[in-house]
Amino acid sequence: MHPVLLTGPRLTIREFHHVERDIDALHAIFGDPEAARYLPFEPRDREDCADQVALYLDEAQRSPRTVYRLAVTRTADGEDAVPLGNAVLGVEGTEEQRQAFIGYALRRDAWGLGYATEIARLLCGFGFEELGLHRLAARLDPANLASARVLRKAGFQLEGRIRDDLFLRGRWHDALQYSLLEQEWSGLPE
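One gets the working numbering by counting positions in the sequence shown from 1 and adding 4 to each.
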């Protein structure tokens with residue numbers, strides 16, 4: 005495995021470690037009903053989060069690697085920083101199609117600080133500049149206005165609404181589909 009390490013002005017995106025600190029940090033997001041409100045699954049207990057971290061490490065060992073599920077920390081907190089969020093980039097389709105999806109989630113105390121925009125930009129740079137992708141996509145709940153703003157700031161364009169895209173919590177949910185192409189990324193201001 006070639007570990008991923010992305011550093012921005014305030015954040016570092018790194019591989020998860022199967023240690024208490026990272027498991028507890030993931031649970032602080034995935035286990036919090038408010039933080040998980042727009043995620044495509046029910047809130048998870050700590051054991052499920054431990055299983056998720058183990059899955060992330062297994063996915064990181066695959067060759068070719070198609071899914072990057074990564075921990076987000078504050079750079080100033082150093083190497084042993086407790087993650088405040090997670091980021092995902094999943095490569096889809098054939099090698100010729102060169103496309104992927106991105107996603108991100110933060111603990112509630114990290115909301116509203118511009119971290120999600122920095123995460124999105126770091127994932128875009130990784131996808132386009134390091135992985136050589138042509139297209140990145142992101143789907144979100146239409147009610148998630150904050151995430152829609154993040155994607156627009158990162159240069160993504162709304163493609164449209166996908167009706168009844170996900171059945172969760174006893175009902176169907178629509179999704180908004182956003183995308184960004186490699187030629188739109190180049191020259192994008194920070």
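Please keep in mind that the hints were generated in silico from the structure rather than gathered at the bench.
For clarity, every value in this text was computed on a predicted model and none was experimentally measured.
Any given hint could turn out to be false.
Stated by the list, open to error - Only pairs whose alpha carbons sit at most 25 Å apart, straight line, appear in this in silico SDA-like list of lysine to any residue: (1) Lys157 <-> Ser183; (2) Lys157 <-> Val95; (3) Lys157 <-> Arg173; (4) Lys157 <-> Tyr42; (5) Lys157 <-> Gly94; (6) Lys157 <-> Glu133; (7) Lys157 <-> Pro44; (8) Lys157 <-> Gly118; (9) Lys157 <-> Arg111; (10) Lys157 <-> Gly174; (11) Lys157 <-> Arg112; (12) Lys157 <-> Leu10; (13) Lys157 <-> Arg175; (14) Lys157 <-> Ser67; (15) Lys157 <-> Trp176; (16) Lys157 <-> Pro13; (17) Lys157 <-> Gly107; (18) Lys157 <-> Arg139; (19) Lys157 <-> Pro68; (20) Lys157 <-> Thr11; (21) Lys157 <-> His138; (22) Lys157 <-> Glu46; (23) Lys157 <-> Glu186.
Unchecked claim - Pair by pair, the computed Cβ-Cβ distance ranges are: (24) Asp36 <-> Asp84: 17 to 27 Å; (25) Gln65 <-> Arg25: 30 to 40 Å; (26) Gln187 <-> Gly164: 28 to 38 Å; (27) Trp176 <-> Asp84: 23 to 33 Å.
In this text, a Cβ means the ideal position worked out from N, Cα and C, and glycines have one as well.
Each hint tested on the structure:
Restraint check: the Cα-Cα separation between Lys157 and Ser183 comes to about 12 Å, which is no more than 25 Å; the hinted pair holds. Between the alpha carbons of Lys157 and Val95 the distance comes to roughly 22 Å, so the proposed pair stays at or under 25 Å and holds. A threshold of 25 Å between alpha carbons decides the hint, and for Lys157 with Arg173 the separation of about 30 Å lies outside it, so the pair is violated. At most 25 Å may separate the alpha-carbon atoms for a hinted pair to count; Lys157 and Tyr42 meet this at roughly 19 Å.
Only pairs whose Cα atoms come within 25 Å are accepted, and Lys157 paired with Gly94 is accepted, the gap being roughly 21 Å. With a C-alpha separation of about 19 Å, the suggested pair Lys157 and Glu133 falls inside the 25 Å cut-off, and the hint holds. Between Lys157 and Pro44, the direct Cα distance comes to roughly 23 Å. Compliance with the 25 Å bound is thereby established for this hinted pair. A distance of roughly 10 Å separates the Cα atoms of Lys157 and Gly118; the hinted pair therefore holds under the 25 Å criterion.
Simply put, Lys157 and Arg111 have alpha-carbon atoms about 20 Å apart, close enough for the 25 Å limit, and the pair holds. With a CA separation close to 33 Å, the supplied pair Lys157 and Gly174 exceeds the 25 Å bound. Between Lys157 and Arg112 the alpha-carbon distance is near 20 Å, which keeps this suggested pair within the 25 Å criterion. This hinted pair checks out: Lys157 and Leu10 have alpha carbons roughly 19 Å apart, not beyond 25 Å.
For the given pair, Lys157 sits about 31 Å from Arg175 by alpha-carbon distance, which is inconsistent with the 25 Å threshold. Taking the CA atoms of Lys157 and Ser67, the gap is about 33 Å. The hint is violated against a cut of 25 Å. Restraint check: the Cα-Cα separation between Lys157 and Trp176 comes to about 28 Å, which exceeds 25 Å; the hinted pair is violated. For the proposed pair Lys157 and Pro13, the alpha carbon gap of about 16 Å is at most 25 Å, so the pair holds.
Note on Lys157 and Gly107: the hinted pairing holds, with a Cα-Cα distance of about 15 Å set against a maximum of 25 Å. Of the supplied pair hints, the one linking Lys157 and Arg139 holds, its CA atoms being roughly 17 Å apart against a limit of 25 Å. A hinted pair counts as satisfied when its Cα atoms are at most 25 Å apart, and Lys157 with Pro68 does not qualify at roughly 31 Å. For a cut-off of 25 Å, the pair hint linking Lys157 to Thr11 stands: about 19 Å separates their Cα positions.
Distance restraint check for Lys157 and His138: the Cα-Cα separation of roughly 19 Å lies within the 25 Å cut-off, and the hinted pair is therefore satisfied. A threshold of 25 Å between alpha carbons decides the hint, and for Lys157 with Glu46 the separation of about 28 Å lies outside it, so the pair is violated. A C-alpha spacing of about 16 Å is found between Lys157 and Glu186, which places the hinted pair at or below 25 Å, so the restraint holds. Range check, Asp36 to Asp84: about 23 Å between beta-carbon atoms, so the 17 to 27 Å window is met.
Distance hint for Gln65 and Arg25: a CB-CB separation of about 21 Å, inconsistent with the stated range 30 to 40 Å. The hinted window of 28 to 38 Å between Gln187 and Gly164 is violated, with their beta carbons roughly 20 Å apart. Restraint check, Trp176 to Asp84: a C-beta distance of roughly 43 Å breaks the suggested window 23 to 33 Å.
In summary, the numbered hints that this structure violates are 3, 10, 13, 14, 15, 19, 22, 25, 26, 27.
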